[in-house]
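Colleague: Residue numbers (the working numbering), protein chains in the order written: chain A, 1 to 98; chain B, 99 to 237.
Read the hints as simulated data drawn from the structure, not as lab findings. Accuracy of the hints is not assured; some may be wrong.
Which residues of chain A face chain B? A few of them, derived with a C-beta cut under 8 angstroms, are [stated by the list, open to error]:
id	residue
1	7
2	15
3	16
4	19
5	27
6	32
7	54
8	58
9	59
10	61
11	62
12	66
13	81
14	90
Computed cross-link-like contacts, BS3-like style, restricted to lysine-lysine with a CA-CA straight-line distance of at most 25 angstroms [as the list claims (entries may be wrong)]:
id	chain 1	residue 1	chain 2	residue 2
15	B	228	B	201
16	B	201	A	13
17	B	201	A	88
18	B	189	B	228
Restraint-style ranges between C-beta atoms, simulated for each label pair [said to hold, decoys possible]:
id	chain 1	residue 1	chain 2	residue 2	range
19	B	220	A	5	16 to 22 angstroms
20	B	165	A	85	18 to 24 angstroms
21	A	3	B	145	35 to 41 angstroms
22	B	215	A	71	45 to 51 angstroms
23	B	201	A	7	23 to 29 angstroms
24	B	132	A	77	43 to 49 angstroms
25	B	125	A	58	21 to 27 angstroms
Treat the numbers as computed from the prediction; the structure is a model and nothing was measured. Beta carbons: idealized from backbone N, C-alpha and C, even for Gly.
Residues per chain are reported as follows:
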Amino acid sequence: MTLQRDPQNLERKALHRFADFRDKRVLEVGCGEGRLTWLYADSALHVTAFDPDLDALRVACADRPVRLESRVALTGASARHLPFPHEKFDIAILAWSL
Amino acid sequence: MVHALGEIRRVLVPDGVLIDLRPLEARWPVEIASGASSVEVGRLTDLPIAIADDEAATRAMQEAESRGWFVREREEFFSYVYSWDTPSEMKEFMEDEWEGFEKLEDSVYQSAQSAWAVANADARVQVRVKMLITRWKKK
């Protein structure tokens with residue numbers, strides 16, 4: 001199948017118009033297979049991306065570029081109880097997940 | 099959903115930013131695209147589960163706003179295109195990925211097939227998803 005998603009990169013452009021990721025600690029809620037994560041992670045200081053779907057998360061781990069291994073942490077979690085301390089992140093992204 | 103928004107607020111720094119990025123149910127157009135132009139041949143049918151999910155997300159953000167957790171700073175719509183070589187590939191994708199959320203009516207599929215068959219050699223079939231992006235600031 002020859003599916004193309006967002007061939008004009010409008011999602012990436014919108015995301016970067018709405019947030020300046022430079023030197024920011026980012027939390028991504030519902031990262032799935034990481035499709036959105038790879039659109040901004042290069043700009044961020046650090047990304048924590050989570051999803052309750054462990055199958056999708058496994059794909060994200062496999063697809064994570066080597067250059068982002070130290071910058072992007074992928075974890076299984078639910079948004080109902082975030083396993084993170086208070087005031088840890090500068091930006092949170094609801095990635096097609098609300 | 100509201101509880102989750104409370105959790106997100108908890109882990110954001112003061113003046114932290116929440117970006118809500120999501121598709122909106124809006125009977126997404128099915129188009130035949132060639133070069134820089136596209137022609138609509140019909141629209142998908144939104145199914146009740148998708149509409150309910152959409153409404154619940156909007157209500158949750160409204161509730162978070164009314165509780166004084168976040169203030170809306172900026173909002174835009176944009177298109178997110180899914181594009182396939184052929185109508186049959188589009189149909190296969192929808193049956194695999196969007197079953198229960200979006201329906202491709204037979205009449206729309208047939209219109210797409212007819213239009214695609216006589217279009218330019220580079221013609222593709224696409225669905226234009228309506229996207230909403232909102233920037234919220236933690237209060």
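Colleague: Each hint: holds or not?
Modeller: Here is how each hint holds up against the structure:
no.	hint	verdict
1	7	holds (6 angstroms)
2	15	holds (7 angstroms)
3	16	violated (11 angstroms)
4	19	holds (6 angstroms)
5	27	holds (6 angstroms)
6	32	violated (12 angstroms)
7	54	violated (19 angstroms)
8	58	violated (18 angstroms)
9	59	violated (14 angstroms)
10	61	violated (21 angstroms)
11	62	violated (20 angstroms)
12	66	violated (26 angstroms)
13	81	holds (7 angstroms)
14	90	holds (6 angstroms)
15	B:228 - B:201	holds (16 angstroms)
16	B:201 - A:13	violated (29 angstroms)
17	B:201 - A:88	violated (41 angstroms)
18	B:189 - B:228	holds (19 angstroms)
19	B:220 - A:5: 16 to 22 angstroms	holds (18 angstroms)
20	B:165 - A:85: 18 to 24 angstroms	holds (22 angstroms)
21	A:3 - B:145: 35 to 41 angstroms	violated (21 angstroms)
22	B:215 - A:71: 45 to 51 angstroms	holds (47 angstroms)
23	B:201 - A:7: 23 to 29 angstroms	holds (24 angstroms)
24	B:132 - A:77: 43 to 49 angstroms	holds (44 angstroms)
25	B:125 - A:58: 21 to 27 angstroms	violated (34 angstroms)
Going through the hint list in order, the structure does not satisfy hints 3, 6, 7, 8, 9, 10, 11, 12, 16, 17, 21, 25.
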